[in-house]
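Asks: Following the hints, complete the assembly by docking chain B onto the known chain A.
There are 2 protein chains.
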Amino acid sequence: MSDYITHDKNGVSVGRVQKKYFTFAEPPDEMVLESGAKLGPVTIAYETCGELNRDAGNAILVCHALSGDSHVAGYYATDDSKPGWWDIMAGPGKGIDTDKYFVVCSNIIGSCMGSVGPPTMNPGTGKPYGSDFPMVTIGDMVDAQKALMEHLGIRKILAVIGGSVGGMQVLQWCVRYPEMVVAAIPLATTTKHSALAIAFNEVARQAIMSDPDWSNGDYYDGTKPATGLAVARMIGNITYLSDESMRLKFGRRLQNKSDFSYNFDADFQVESYLRHQGAKFVERFDANSFLFITRAADYFDLEKQHGEGSLVKAFANARAKFLVVSFTSDWLYPTYQSKAMVKAMKKNDLDVSFCEIKAQWGHDAFLLPNERLDIMMKGFLNRVWRETA
Amino acid sequence: MSDYITHDKNGVSVGRVQKKYFTFAEPPDEMVLESGAKLGPVTIAYETCGELNRDAGNAILVCHALSGDSHVAGYYATDDSKPGWWDIMAGPGKGIDTDKYFVVCSNIIGSCMGSVGPPTMNPGTGKPYGSDFPMVTIGDMVDAQKALMEHLGIRKILAVIGGSVGGMQVLQWCVRYPEMVVAAIPLATTTKHSALAIAFNEVARQAIMSDPDWSNGDYYDGTKPATGLAVARMIGNITYLSDESMRLKFGRRLQNKSDFSYNFDADFQVESYLRHQGAKFVERFDANSFLFITRAADYFDLEKQHGEGSLVKAFANARAKFLVVSFTSDWLYPTYQSKAMVKAMKKNDLDVSFCEIKAQWGHDAFLLPNERLDIMMKGFLNRVWRETA
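In the order they appear, the protein sequences are chains A and B. Going by the working numbering, the letters in the first sequence line up with residues 907 to 1295, in that order. Going by the working numbering, the letters in the second sequence line up with residues 907 to 1295, in that order.
This is chain A alone, in the form it adopts within the complex:
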């Protein structure tokens, strides 16, 4: 448990929030996963910003993407070089205004950022789970979040918000616990991975699993599969960008060189960028967690799991007000996929706003500063908040 400080735009400390851990499902009352396997105890790392109202009606749950964590906003210490992963969006006066709302962000189970996951000690063996960690689904992640919400005394969530794999959790919340979700903002996401998205994840997993250091997932007392994970991350990185953004960001510019090396050094800036991203990722993320979370994303299929093959049926019980956002250059979850979910929501007479934002930065666009997104999210949350009061 560690305190951390949030800051406003000027770097002024605006309050103290706590990074906390919540543990439930202690044996013999383990959590039963979608696969039928059991997991327990389940620990969730989470952080909150803002104050919960007396009626607990101002809670916003932010769901992070693949490699994210609970540290959504603010700085842990005044000399931290980087704030939380969505600090541009969540904070005092920001798109998700922590002066008004109580923001909760928890690390998904299966990850390696404080919640239970493959690197966690398996109480049954006294060693890290590794290959013994059971497959968790997006639904399981949401079930764990629900336990946290109940623990926090939140019975209705004003809004569940998230992009990418976080957006899948948002959608899962709306169909699995419709009575708990007042509003939902799924960003740059999909109701099911396309073959293309599965393909990229599979190749990334193959890169990890073919690294001899992976050792079938039981590498925690030895060398980590760093090169495999680095390659996996590089593949991911390409899919988060776009042809246009890479052209603008790198083009064919060379890395500190006037000509080609005529060997396999990183001649092009884009090569150097990818290598750097891969190396950085290895320092902060676990290879098994990468495998498990990408698998959960590939398995996610709202229409299969909740609609017997029909997306319209999948949203039949949903009650949330929706703001669906896609980005023009996102080729991982292209707009046609958002449009399909919007259509299904509308067929169920749900309150849906949809916007495709023109952005050149590909899938990553939802994480980048975007005035239009800020305004839209703020406006939507204001309306929902007003209509709830």
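Please keep in mind that the hints were generated in silico from the structure rather than gathered at the bench. Quantities reported herein were computed from a predicted structural model and do not represent experimental measurements. Check the hints yourself; a few may be wrong.
Each pair may be met inside one copy or between any two copies, as identical chains are not told apart.
In the DSS-like style, the derived pairs of lysine-lysine whose C-alpha atoms are separated by at most 27 Å in a straight line are [as the list claims (entries may be wrong)]:
#1 1006 <-> 1052
#2 1249 <-> 944
#3 1155 <-> 1249
#4 1245 <-> 1264
#5 1062 <-> 926
#6 1052 <-> 1000
#7 1130 <-> 1264
#8 1000 <-> 1033
#9 1186 <-> 925
#10 944 <-> 1163
Replies: For chain B alone, coordinates are given in the frame of chain A:
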């Protein structure tokens, strides 16, 4: 040297052609490469179909792509399961009509399909080149092809044709040896790789180079870097398809299973397909050749190398009649790149036809049956042939 048999559409043997090897640049007269390094002797594997006219005016040079070879059409033996890689296009009465034209296809240098490349014995050491193989460029590949053409007594090539990396060779021919090229058909190609294309190649190379079995390129007396090469190929395979084609071909269909395995087996058909493609590729291709040829493709930059940064200038000396073809769903070399080269050609008052073919199969489309492409190529070659006569 081996004979092989060509077949017509009905499988009837229509003639005998030879797979040959041509060796030049014997030391001390080595080939001087673009990098300044020397390579010699240089052996090229090549195959021909059809008959060369007395005036040697009916020669067509087909340039293969990354993993191709000289076996462009026909079967080696009557019981071969597969014909040459472009048998649908080249043969008697086909788009490239071997009843009329003398078709030459040679394996590019740097490859592993008979021409000199990293697995070739280095006469200086008595061992395979491996890490000693010098970097070769698209220009070097074309220079070797030119030596072969001269050897065959061909001073003017009726048409140089190729897709993808083969298309780069076509373009290189037109600007480097303009007096030799009557007509040119660059298909699904580009005058320079985008950052996105370089990025995919770089990640594929990293997959190979991080395989411990790669051993810095000197693995020929030990275990080959099979897993790294398989991952590299899988990455490539994704880029050759498209979102739409993968949706049609695989969707989210499961592989012989009614439900998920909840482990990391190949649950989805697309996963199984990619693993199979990776495994198959490892059997027939060399990891170092993959590195060298992708690097050559990344280095290729017509405007930098021939136009001082101007694509218009790069085509200033070109004389060929062009048929430029792109495919709607090719996101590796999107149509805008073909349009840019067409524009530059037109500014030089060159005779240019351009067609963007509607095709859902992505970059691979140029290799697949396409009636429109057949007709267009045949018509273009007919016209060029007529105008030459």
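Asks: Does each hint fit the structure? Answer for all of them.
Replies: Going through the hints against the structure:
| no. | hint | verdict |
| --- | --- | --- |
| 1 | 1006 <-> 1052 | within (22 Å within a copy, 73 Å between copies) |
| 2 | 1249 <-> 944 | neither (36 Å within a copy, 63 Å between copies) |
| 3 | 1155 <-> 1249 | between (35 Å within a copy, 25 Å between copies) |
| 4 | 1245 <-> 1264 | both (15 Å within a copy, 24 Å between copies) |
| 5 | 1062 <-> 926 | within (21 Å within a copy, 76 Å between copies) |
| 6 | 1052 <-> 1000 | within (26 Å within a copy, 64 Å between copies) |
| 7 | 1130 <-> 1264 | neither (40 Å within a copy, 46 Å between copies) |
| 8 | 1000 <-> 1033 | neither (43 Å within a copy, 65 Å between copies) |
| 9 | 1186 <-> 925 | within (24 Å within a copy, 50 Å between copies) |
| 10 | 944 <-> 1163 | between (55 Å within a copy, 23 Å between copies) |
The earlier numbered hints that this structure contradicts are 2, 7 and 8.
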